[in-house]
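J.: Listed below, chain by chain, are the residues.
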Amino acid sequence: MALDNEILQRWQKAEVLLIGGSAGSFKLFFSVVKNIDADINKIIILIMHRKKNFFSEIEKLFAEHSRIYLKEIADKDILQKNTIYIAPANYHTLIEKEGYFSLDVSDPVWYSKPSIDVTFESAADVFKERCAAILLSGANQDGAEGLLKLRQCGSLTIVQDPTEAEMAEMPRSAVELDAADFVLKTEDIIQLIRT
Amino acid sequence: MKVQLSGISPEELSELITLIKGAHGFDFSDYGKASLTRRVSRIMSLKKLSFYDLKHMLVNNSGFFQHFLEEITVNVTEMFRDPSFYRSVQDLVIPYLSTYQHVKIWTAGCSSGEEVYSLAILLREAGIKQKCFIYGTDINTEVLKEARKGIYSFRKIKSYSENYALSGLKGSLTDHFTIMYDAATIHSELKQDTLFSVHNLVSDGVFNEFQLITCRNVFIYFDNPLQERILELFYNSLAPHGFLCLGSKETIRSEMFRKKFKVINSKENIYQKIGA
Chain A
1 MALDNEILQR WQKAEVLLIG GSAGSFKLFF SVVKNIDADI NKIIILIMHR KKNFFSEIEK
61 LFAEHSRIYL KEIADKDILQ KNTIYIAPAN YHTLIEKEGY FSLDVSDPVW YSKPSIDVTF
121 ESAADVFKER CAAILLSGAN QDGAEGLLKL RQCGSLTIVQ DPTEAEMAEM PRSAVELDAA
181 DFVLKTEDII QLIRT
Chain S
1 MKVQLSGISP EELSELITLI KGAHGFDFSD YGKASLTRRV SRIMSLKKLS FYDLKHMLVN
61 NSGFFQHFLE EITVNVTEMF RDPSFYRSVQ DLVIPYLSTY QHVKIWTAGC SSGEEVYSLA
121 ILLREAGIKQ KCFIYGTDIN TEVLKEARKG IYSFRKIKSY SENYALSGLK GSLTDHFTIM
181 YDAATIHSEL KQDTLFSVHN LVSDGVFNEF QLITCRNVFI YFDNPLQERI LELFYNSLAP
241 HGFLCLGSKE TIRSEMFRKK FKVINSKENI YQKIGA
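Sequence lines, in order, name chains A and S.
Under this note's numbering, think of the first position of the first sequence as 1, with each following residue one higher.
Under this note's numbering, think of the first position of the second sequence as 1, with each following residue one higher.
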């Protein structure tokens with residue numbers, strides 16, 4: 001499916017962009033970060049499954065290639081536009097309706113902490129139709145239920161085409177749950193980010 | 001799997017908070033709402049309770065309230081969580097504690113005791129355990145029973161061994177436990193000079209003076225004004241130049257308390273009380 005008018009209009013309206021991904025999503029995350037314009041005028045929140053105690057250089061690498069401010073989320077950080085936030089390892093990231101992040105150390109969901117479901121569900125409560133979410137490649141079902149809740153709350157929900165994802169399980173689970181407004185090819189996702 | 005769209009509404013949550021305060025004296029009004037909403041919705045879905053059922057149970061069934069309390073106050077903890085924090089304590093805090101004749105330590109929100117015993121191991125490896133006393137407190141009586149026993153599943157202890165290795169200590173974590181089948185019991189000398197008791201950070205006050213207070217991954221559940229009130233409690237509970245350690249994603253945001261604490265390690269959120 002190409003980018004039609006409906007998707008573009010809803011994309012313009014979204015003040016918040018959530019992107020979740022796991023195994024096999026790194027490359028796409030990286031090109032998303034590189035392609036975000038300085039005046040995107042959105043709050044961007046990335047939830048990537050990552051190992052605890054693995055102090056990756058992801059933030060550093062992403063920050064070097066990003067045109068806007070990028071930071072790892074700390075508890076009670078205030079959500080601001082034109083900023084890319086990365087969910088920290090070994091915490092769940094929640095969003096309070098007053099517009100700040102809260103972290104949580106409770107049990108993993110789908111063996112994952114951060115869990116994409118937890119952030120998506122919390123964002124659905126707060127942002128509703130002011131939100132767009134994209135679910136990328138991954139080897140488990142995290143994110144699918146959260147994406148469905150976002151969709152039911154009026155958010156724009158997009159899933160990477162499972163046939164193009166390195167690991168199809170995560171996007172396929174979301175498609176099977178009927179959580180996706182649109183299933184997009186990788187190049188269309190990048191194009192959307194750039195509009 | 002079906003998605004639970006309903007959960008609990010903001011209005012229902014505040015009704016519940018008022019009800020719990022009235023019936024049980026626990027005040028959750030300054031807890032972060034996002035996590036509380038998620039926890040309460042989870043209990044309702046696990047126990048298949050409607051909002052009405054939940055209210056009824058909370059008022060009429062005191063055993064259920066204990067269980068509810070355990071479920072909504074997150075009790076997930078690890079031994080040597082954030083190994084880099086424990087390395088910083090060894091480098092920056094222990095040398096200072098070593099200069100004292102007696103050291104009192106408070107771990108606030110200690111849950112089932114993993115952090116208290118991690119500190120005990122750290123102090124013993126540093127050779128100063130015999131002059132230290134560690135208080136572990138929590139609002140939850142059930143988890144405190146676990147903490148006092150100091151018995152953990154062997155599987156869990158094994159899962160902490162990576163943390164232990166990364167924290168820069170010698171040997172392995174299992175050296176500090178007696179293993180029987182799946183039960184790993186902390187060595188009794190590590191339990192010596194520890195005391196676990198109930199303390200509610202929201203409503204209870206100063207009970208001693210400490211050289212070190214650790215309160216890690218507790219502030220994340222509180223809103224900013226409550227965090228500030230508890231910082232006041234910690235400030236008043238610290239000896240001059242005493243240390244305060246928060247979780248690795250928790251910082252002192254209050255302007256007033258930024259002036260009262262010196263940052264010792266900004267990445268690990270280790271602070272030191274300025275003067276008196």
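Hints listed in this document are in silico derivations from the structure and should not be mistaken for laboratory results.
Among the hints, erroneous ones may be present.
Unchecked claim - Pair ranges (Cβ atoms, derived):
id	chain 1	residue 1	chain 2	residue 2	range
1	S	S159	A	E72	20 to 30 Å
2	S	T141	A	D4	51 to 61 Å
3	S	S14	A	Q152	17 to 27 Å
4	A	D107	S	Y52	25 to 35 Å
5	S	N208	A	E72	27 to 37 Å
Claimed, not checked - Only pairs whose alpha carbons sit at most 20 Å apart, straight line, appear in this in silico DMTMM-like list of lysine to aspartate or glutamate:
id	chain 1	residue 1	chain 2	residue 2
6	S	K129	S	D91
7	A	K97	S	D91
8	S	K267	A	E98
9	A	K52	S	E142
10	A	K128	A	E166
As the list claims (entries may be wrong) - These stretches of chain A come out as covered by chain S in the derived footprint (C-beta under 8 Å, 3 or more residues):
id	stretch
11	22–30
12	65–77
13	114–124
Heads up, the beta-carbon is just placed ideally off N, CA and C, and yes, glycines get one too.
J.: Hint by hint, say whether it matches the structure.
T.: Checked hints:
{"no.": "1", "hint": "S159/S x E72/A: 20 to 30 Å", "result": "24 Å, holds"}
{"no.": "2", "hint": "T141/S x D4/A: 51 to 61 Å", "result": "58 Å, holds"}
{"no.": "3", "hint": "S14/S x Q152/A: 17 to 27 Å", "result": "24 Å, holds"}
{"no.": "4", "hint": "D107/A x Y52/S: 25 to 35 Å", "result": "27 Å, holds"}
{"no.": "5", "hint": "N208/S x E72/A: 27 to 37 Å", "result": "35 Å, holds"}
{"no.": "6", "hint": "K129/S x D91/S", "result": "16 Å, holds"}
{"no.": "7", "hint": "K97/A x D91/S", "result": "40 Å, violated"}
{"no.": "8", "hint": "K267/S x E98/A", "result": "26 Å, violated"}
{"no.": "9", "hint": "K52/A x E142/S", "result": "28 Å, violated"}
{"no.": "10", "hint": "K128/A x E166/A", "result": "30 Å, violated"}
{"no.": "11", "hint": "22–30", "result": "violated (count 0)"}
{"no.": "12", "hint": "65–77", "result": "holds (count 4)"}
{"no.": "13", "hint": "114–124", "result": "holds (count 3)"}
Hint compliance for this structure: hints 7, 8, 9, 10, 11 are broken, all remaining hints hold.
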